[in-house]
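For the record, in the sequence shown the residue sitting at position 168 is 170 according to our numbering, with numbers rising by one throughout.
Just so you know, the hints here were simulated from the structure itself, not pulled from any lab data.
Ideal placement from N, C-alpha and C gives every residue a C-beta, glycine not left out.
Accuracy of the hints is not assured; some may be wrong.
In the SDA-like style, the derived pairs of lysine to any residue whose C-alpha atoms are separated by at most 25 Å in a straight line are [as the list claims (entries may be wrong)]:
# : residue 1 : residue 2
1 : Lys66     : Arg15
2 : Lys66     : Ser35
3 : Lys66     : Thr200
Simulated DEER-style distance windows between Cβ atoms [stated by the list, open to error]:
#  : residue 1 : residue 2 : range
4  : Ala145    : Asn108    : 32 to 38 Å
5  : Asn168    : Asn38     : 30 to 36 Å
6  : Gln183    : Gln123    : 21 to 27 Å
7  : Pro151    : Asp56     : 30 to 36 Å
8  : Glu107    : Pro18     : 40 to 46 Å
9  : Asp256    : Asp216    : 15 to 21 Å
10 : Gln149    : Asp56     : 29 to 35 Å
11 : Ile59     : Ala145    : 41 to 47 Å
12 : Asp246    : Pro163    : 21 to 27 Å
13 : Thr106    : Asn168    : 22 to 28 Å
14 : Gly19     : His94     : 18 to 24 Å
15 : Arg111    : Asn38     : 38 to 44 Å
16 : Asp246    : Gly39     : 15 to 21 Å
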Amino acid sequence: MIVTDSQVHVWWRVTPGARPHQTTPLTPSRLLSAMNGAGVDRAMALLPTWSADDNEILLSAVSKVPHRLAFIARLSPFEPADREHVLTRWRHESFRGVRVALHTENRLRTLADGTLDWLWQLADRADIPVMMYAPQGMHAIEALLAQQPALRLILDHANLPTGARNQAAATWITRLCRMAQYPNLAVKLSALPRHFTTDYPASLLANSVRALRDAFGVRRIFWGSDLTRLPCDYSTSVRQMTEDLRPVWGDDIDWVMGRGISEWLDWPPRQTPHRRLRPRRSTPTRRMPPEQQIRPPAPATTDDST
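Please model the complete structure; the sequences and the hints are all you need to start from.
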């Protein structure tokens, strides 16, 4: 099984006044080291909204290891006028799609007022997958999916609000399952340990994930870590899916852990995975004590969480 992480923020610099997930930047080289230790073969690298870096810097870094990292371009809903050039200049072996974060009121407004119509039309015409995070935009997303049936859209973090925990997260996932009728929609199961905590029954998470599987099928659900927001270490996030939730996936685990996202983004893997010795464990997934966390997340605000 070739494990592919669908959601990792990478950055070097922080926009003045912004609050990143952690104080130490996660550069591509640091990400590769973390991947090696956790048994992750490949990852989608994208810039967070609060990074002061630009897409070209990330594309240049990712292009040095195209078999392990893919480039997802960050798009602001307020891009300059020459929008088509903005996208076409990124067309490269490592380029696999674009992402828009519409998690604040002014950004969310662009989803419904036509500001982003150029993106949907261009992505449809050029067959560019789009990743989106817009928890409060469910109705507008449904309208978009109906209007653009050829648009390949992925909702990051199962479109869960940053503050949704346990039962609230389960209720939100139930709502998301109703959107599975749109075959051009896929879902990232990213940052799960942040939304389902260990002080709630494990069955709550398992039942929510099972409902998502029954609605979307295994080919439209993609595991992702959202590494810099994890309340546990990287390996624990992997094992939560491959061991704790293995009964949910059964023999289809390879689709969720990498095969699905690779096909959705047209990023075929090498014939053999980049293998390392993976650590063993004999105890259930648990939240790591603060002193053992490799990269504890900083307190998040609504605007800095994606």
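Structure-based check of each hint:
Pair hint Lys66 plus Arg15 holds up; C-alpha atoms about 20 Å apart against a cutoff of 25 Å. Taking the CA atoms of Lys66 and Ser35, the gap is near 15 Å; set against the 25 Å cutoff, the hint holds. For a cut-off of 25 Å, the pair hint linking Lys66 to Thr200 is broken: about 39 Å separates their Cα positions. Taken as a hint, the range 32 to 38 Å is violated for the pair Ala145 and Asn108, whose Cβ atoms sit roughly 20 Å apart.
About 32 Å separates the C-beta atoms of Asn168 and Asn38, a value consistent with the hinted range of 30 to 36 Å. Under the hint 21 to 27 Å, the C-beta atoms of Gln183 and Gln123, about 23 Å apart, fit the expected range. One distance hint, 30 to 36 Å for the beta-carbon pair Pro151 and Asp56, holds here, with the actual separation near 32 Å. Evaluation of the 40 to 46 Å hint for Glu107 and Pro18 yields a failure: the beta carbon distance comes to about 22 Å.
Taken as a hint, the range 15 to 21 Å holds for the pair Asp256 and Asp216, whose Cβ atoms sit roughly 19 Å apart. Under the hint 29 to 35 Å, the C-beta atoms of Gln149 and Asp56, about 31 Å apart, fit the expected range. The beta-carbon spacing between Ile59 and Ala145, approximately 35 Å, falls outside the hinted interval of 41 to 47 Å. The hinted range of 21 to 27 Å is satisfied by Asp246 and Pro163, whose Cβ atoms lie roughly 24 Å apart.
Taken as a hint, the range 22 to 28 Å holds for the pair Thr106 and Asn168, whose Cβ atoms sit roughly 25 Å apart. Range check, Gly19 to His94: Cβ separation about 32 Å, and the 18 to 24 Å hint is violated. Distance hint check: the CB atoms of Arg111 and Asn38 are about 42 Å apart, consistent with the given range 38 to 44 Å. Checked against the hint of 15 to 21 Å, the pair Asp246 and Gly39 passes, with Cβ atoms roughly 19 Å apart.
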